[in-house]
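J.: This is what each chain is made of:
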Amino acid sequence: MEEKPNALNRRDFIKKAGLIGGALSLAGAAGAGLVAGSNKESYTGWGRTAYGGDQFFNRRPFRVETPTYEKVGTPERIAYIEDFFKRLGELRRLTFSRNGEAPRWSFDQGVDALPEPLRSYYKAHPGALEQYRFAMQRAAEQRENWPKYKDEFMLAQAFSAAHASFVSGPGAFPPQPDGPPEESDFRGVNDTGLKLKSAGHGSELIKQVAHSFGASLVGICRVKEEWVPQGFLRGVGRTDFDVPKHWKYAIVVAVPHEWDSMYANPTYGTSYDAYSNLRFIVGKLEVFVKRIGYSARSHFPPTSYELSMPPLAIDAGLGEQGRHGVLVTPELGANTRLAAVTTDMPLEVDKPIDVGIKRFCNKCKICAEECPSGAISFDDRPSEVIRGFRRWRIDQEKCYTAWNWVATSRPSGCRVCLAVCPYSRKRNWIHNIVRVADPRDPTGLFASSMLAMQKTFFSYPGAAAYLPPPDGDNKTYLEPPKWLRTDEWFDK
Amino acid sequence: MNGLINKLFLLPGFTLLIDPTIMKPVFWMAMGGLMILFFAALRYWFHDSKISMNWWKWLLAGAWYLLLFVVIAAAFTLIGEREVRAGVWFLAVFGGLMILLGLGLWQLLKKV
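Keeping their order, the protein sequence lines are chains H and Z.
Okay, so the first sequence: first residue is 1 according to this note's numbering, each after it adds one.
Okay, so the second sequence: first residue is 493 according to this note's numbering, each after it adds one.
These are computed hints drawn from the structure, not numbers from a lab.
Values in this document were obtained by computation on a predicted structure and should not be read as measured data.
Each residue gets a CB set at the ideal place from its N, CA and C atoms; glycine is no exception.
One or more of the hints may lead you astray.
Pairs of lysine-lysine residues, derived as DSBU-like cross-links and limited to a Cα-Cα distance of at most 30 angstroms, are as follows [to be verified]:
#1 H:K363 <-> Z:K516
#2 Z:K602 <-> H:K40
#3 H:K71 <-> H:K224
#4 H:K482 <-> Z:K603
#5 H:K492 <-> H:K475
#6 H:K123 <-> H:K71
#7 Z:K603 <-> H:K15
#8 H:K16 <-> Z:K516
#9 H:K351 <-> H:K284
#10 H:K284 <-> Z:K499
#11 H:K15 <-> Z:K602
#12 H:K351 <-> H:K224
#13 H:K16 <-> Z:K542
#14 Z:K499 <-> H:K16
#15 H:K482 <-> H:K150
#16 Z:K542 <-> H:K15
#17 H:K15 <-> Z:K549
#18 H:K15 <-> Z:K516
A partial selection of chain H residues facing chain Z, derived with a Cβ cut-off under 8 angstroms [to be verified]:
#19 L24
#20 G28
#21 E479
Just chain H, with the same shape it has in the complex (with noise of 0.2 angstroms):
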């Protein structure tokens, strides 16, 4: 049979359809593109956390035996004085007014009329108190700016102050131990008399209930002298104290804040929606732990801890520590706040990992760059022997005026180095590739080429720009949420 001239042929139709396919295919990889990049199911630490699912990196081929910390001398506990919140704690009594009583101590007086043990750590640290004094009026200029942005980030605040409501006073969780640790640890232990089958079930029940409450990630390890700070004990008071027997090992845990909040650093959120997780999850695996029949004390944040985060972290096998100082983890990054239970159970512990996050640094350097106060080191490689262990110094009083200076919702807190943290990405095809790809590459030169991308394909606002004016213009790293912006919400 003949074919009419005018009529669409078979191989033509084909012809035709196929080109219209292509292109609807390439159209189909930016549709799909689109959603796994907007998808919020890739925040991980938000969706399938109670099953272990957020702690999706196999570590196993990472594994070393030694830390990737840098052991240089003798470790030294950190004693109560150079924990900066404690520092911060002995000032604060000292500077602001209580029961109606005048000040003991103003900057005018200088730091000799400062007590014991304040005045040998400043004049030990020259500038750290003049840095201090100028953080204070940094946070006096933020109490008198509020009224200019409360409207703004009304819904910030709010979110944070829900966050934080359960920190303090009568409704707080969990309750803070009460007497030494030979008693408090100990008060609710259940006497099961149940044996348990070996350390590595321990292990194994415990990471599956510390998921189950909500912990993305979960590793163990030893208790080590030198993590646990010196002179100061939750129930006890200022005291010089042994590490405690029953203190054998950590189970440590870690969450992500909420990913577009954290992103929208430094006004849209503070670190409380982590430390209420955190709270939570450690508050009652102590009374778990405890009632399957061990000694437990949970280490939380703000400032529970009788415990140094990050290294503790690191020896449980959860990540590096990084320039900025926090622990980097391979699931989330920088956006990873920890916590602890310290118990007696008996439990097969972890190896610590390096998967490079350390080598990377050395070369990044965003997080300096991007810190609004300064407080990050640019020098190339961990350049100072602090308490035995080569590191990047943290300017603590300088990070501590960011967080004062910044318009925030809830005056202290500035996170920018997590949010600008190039290890913080979403659980989606492109990030895993990078994840699989980079600590596997012995050249280094995939993470050079990540790094020279990150640098020229992504915008970064500035260190000045995320200041109020007129030092800066309030930015945050990436746009705010909808919901958490008033204007989509309220009428002014």
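With the hints as your guide, set chain Z onto chain H.
T.: Chain Z in isolation, oriented as in the chain H frame:
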């Protein structure tokens, strides 16, 4: 418009229709169908353009198409993550590179 969308959600089976657990595999099956159609048509296009194809030429053409697919998907993933500048730059640099590679490949397919 919102009222219409709300009514759609009340239709029996509608939520199942947009449920990602069913739509994800359906989407990728449809994508597979489109790609098969594209490569089936490509045979005729090459034939009509007097380009003789063999296994390694098909392999190169397939690899180029796959790379283009990945570049587009990656760029739009970044845009979806609200890293619009990064996505556009990625598309410009690597999309441009893919066009150049495509032109080179076309010449190679024609000459050999």
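J.: Each of the hints needs a verdict: does it hold here or not?
T.: Structure-based check of each hint:
no.: 1; hint: H:K363 <-> Z:K516; result: violated (39 angstroms)
no.: 2; hint: Z:K602 <-> H:K40; result: violated (46 angstroms)
no.: 3; hint: H:K71 <-> H:K224; result: holds (13 angstroms)
no.: 4; hint: H:K482 <-> Z:K603; result: violated (55 angstroms)
no.: 5; hint: H:K492 <-> H:K475; result: holds (21 angstroms)
no.: 6; hint: H:K123 <-> H:K71; result: holds (27 angstroms)
no.: 7; hint: Z:K603 <-> H:K15; result: holds (23 angstroms)
no.: 8; hint: H:K16 <-> Z:K516; result: holds (27 angstroms)
no.: 9; hint: H:K351 <-> H:K284; result: holds (25 angstroms)
no.: 10; hint: H:K284 <-> Z:K499; result: violated (43 angstroms)
no.: 11; hint: H:K15 <-> Z:K602; result: holds (19 angstroms)
no.: 12; hint: H:K351 <-> H:K224; result: holds (14 angstroms)
no.: 13; hint: H:K16 <-> Z:K542; result: holds (18 angstroms)
no.: 14; hint: Z:K499 <-> H:K16; result: violated (38 angstroms)
no.: 15; hint: H:K482 <-> H:K150; result: holds (17 angstroms)
no.: 16; hint: Z:K542 <-> H:K15; result: holds (15 angstroms)
no.: 17; hint: H:K15 <-> Z:K549; result: holds (19 angstroms)
no.: 18; hint: H:K15 <-> Z:K516; result: holds (28 angstroms)
no.: 19; hint: L24; result: holds (5 angstroms)
no.: 20; hint: G28; result: holds (5 angstroms)
no.: 21; hint: E479; result: holds (7 angstroms)
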